[in-house]
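Sequence order for the protein chains is C and S. Throughout the first sequence, residue numbering follows numbering that gives the first Met the number 0, covering 0 to 255 in sequence. Throughout the second sequence, residue numbering follows numbering that gives the first Met the number 0, covering 0 to 463 in sequence.
Please keep in mind that the hints were generated in silico from the structure rather than gathered at the bench. Cβ coordinates follow ideal geometry from the N, Cα and C atoms, glycine included. One thing to keep in mind: the hints can contain errors.
Unchecked claim - Computed spacing ranges between beta-carbons, pair by pair: (1) S:Ser378 to C:Ile59: 42 to 48 Å; (2) C:Val201 to S:Lys36: 40 to 46 Å; (3) C:Val201 to S:Leu77: 43 to 49 Å; (4) S:Ser95 to C:Ile59: 48 to 54 Å; (5) S:Lys68 to C:Val201: 22 to 28 Å; (6) C:Lys177 to S:Ile362: 16 to 22 Å; (7) C:Leu70 to S:Ile362: 30 to 36 Å.
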Amino acid sequence: MTRFLEFAGRPFVFFIEECGSILLLLLSTISWMFRPPFRFRVIFKQMEFVGVNSVGVVLITGAFTGMVLALQTYHGFRMFGGEGLVGATVALSMTRELGPVFTALMVTGRVGSAMAAELGTMKVTEQIDALNTMSVSPIQYLVMPRIIAAILMLPVLTIISDFVGIVGGYFVGVNLLKINSGIFMAKIIDIVELDDIFNGLVKAAFFGLILSLVGCYKGIYTIGGAEGVGRATTQSVVLSSILIFISDYFLTAVMF
Amino acid sequence: MSKLSIEAKVGVFVVIGMIILGYMSMRIGKLGFKMDKGYDVNVYFDSASGLEEDVSVEIAGVEVGRVRKILLENGKALVILRIDSNVKLRKDVKASIRSRGILGDKYVVLVQGSTAAHLIEPDGRIISAVSTTDLDSLMNVLGEVAKNISELTRSFANVMGGEQGEASLRSIVDSMKSVAETLDRTVQENNEELIKIIANLSEFSATINEISSKINKGEGSIGRLIKEEYTVEKLNGTLTSLQKITEKINRGEGSIGKLINDEETVENIDSALTSINDYMQKQESFRTYLDYKGEYLFDSNEVKSYLTLRIQPREDKYYLLQVIDDPEGVESETDITTTTNGVTTTEHIEKNKKNEIKFSAQIAKRYYDLGLRGGIFESTGGFAFDYYLFKDRLTLSVEAFDFDSDSNAHLKFKADFTPFKHLYITSGFDDFISDEGNESFFIGAGINFLDEDIKTLLSNLPLY
């Protein structure tokens, strides 16, 4: 009986523990944020890694998301003669939902996994312990720049993705499906509000926090050699993606 | 080719993002900012079914404003329209709710009346309002009409149908025929009589002709009245003096004329009305808030308390008076120069009075979501920026003050979150570039409420 309880209870306890340590990592990151020395160079390097180097991936996913959305909605709207609404649908979906979420997922795959692998390798090769001995806080030197970079860069990537997606939708709708370009643009301007764009960007910043925090957490708590690094990388991508989808629902419920 | 630095790459990337964001905001937000300007007009509709806030108000297909608010008042829908300030509405303008497109989005259409009518004042009311017959009620009416028609045809069929009906129809036709025959016979039999009647009529008309020509010549009493020169002159005189009086009034002579014609009088009355109106409006939009908050400083384990009076004469402007109990206290520096036996010594004394009260007095102005504050901060000069988010539920502020030459300025960053009315949570980082080790996280809570009593007190003081 006790063995059964132990068996059933362990995942639950494990889950609670994990939530707690992620939150503690976040709190200590915030407190390290305001203490000198400020290493702006390290933050910039991470911003380049998270932001600038992800542009290609985000451009391609954004453009094709917008294009396929235009193609799909066109056939639906044509049934009752509402082709003019294709543009507004694409713009609204991109700015509110698909832009932030797809960007976050792509960045999770590209950057979140890299964070977990990099920090995990440093952990198992005891470089993090070495940092501690040199009285350099690994949280300040490794975790904080990554989290700041992700929070700042995700909204920028998202706005690029939004724009490229709408341009892709415009290309498919106007050039391939022959929707009137004036109506296409007018409906976008008519229906999309400034709040849609800004709420999408707030979401994106939040997703940036989630993916970098989870990536760093999984990296820093890696155990068990090369195999452990592999496991940490996989877990960080899976957990970040799940948390992004869950928090997306609740953020949407709060904001719209 | 020299490689771009990391900073340059990130910078270019962020600038591109900002440009895209700016472009999209300008395209989409073009109408968003226009909303704030303009004036309100009220309309009562029997039903505002399907009408939403923020839909467009159009004249001749051109958007001239938005629907600002829809309320229920006395069982009718009170719709408040925000009209562009350069569009002038006349008193006889007609408002109606129309629907557009396959999805039937509702919007408000105004039809301008004659240009002669008076203008509608801000917060005035459009009298003529037509609610649309929505599809359901139209169907109801049509259904009733169809029922009536079917009843009618049924009763008609009952009367006309069958052999009996046919027989009665035939008898009607027969009797009509006999009436026509009788008429014909009568006319033929009385032919001479008829001719006589016509001759009489012609004689009568000749007599009337004679009478009227007599009047025309001035014969008989009626004729004299009309033709006599004297009567005409008298009438003429009356008319002339009447004209003189009106001219006098028109020129502004005499007391009535002065009252009506003097521009000054009109202006006086007008300005009196305007200032009364202004005063009332000021009184109405005038708000005062009382606010108490406590901040727990983590580093010194002490609580800093603020008691604030906020006087807000307009939506976008307020004055702030604050009393602060600061555990850090007030610092004062004095140089004491003493001369003993020809040797001058200067003693520099820094005093730190604990638990001293500080004061703040600031003025604040708000542009859209950005607020600027300036004035006295904790008994020193300073300024601050506020940024309002999520319908003012969240406020981010940066304050900078105490620009003493021998120490770093006091910078403070804080975020205020208002989850419920009257109650808010505040958190931030105080004095974060302090060179005296005063930097500290803080977290706190406060209450604020509208105080009507102070408002009444202040607005009755001769302030303006």
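Hint check:
With their beta carbons about 58 Å apart, S:Ser378 and C:Ile59 fall outside the hinted range of 42 to 48 Å. Checked against the hint of 40 to 46 Å, the C-beta distance between C:Val201 and S:Lys36 comes to roughly 28 Å, which is inconsistent with it. Between C:Val201 and S:Leu77 the C-beta distance comes to about 35 Å, which lies outside the given range of 43 to 49 Å. At roughly 50 Å, the beta carbons of S:Ser95 and C:Ile59 sit within the given window of 48 to 54 Å.
For the pair S:Lys68 and C:Val201, the beta carbons lie near 27 Å from each other, so the given range of 22 to 28 Å is met. Range check, C:Lys177 to S:Ile362: about 58 Å between beta-carbon atoms, so the 16 to 22 Å window is missed. Hint check: C:Leu70 to S:Ile362, Cβ distance near 56 Å, so the stated range 30 to 36 Å is violated.
Figure legend: structure checked against the earlier numbered hints; hints not met, in rising order: 1, 2, 3, 6 and 7.
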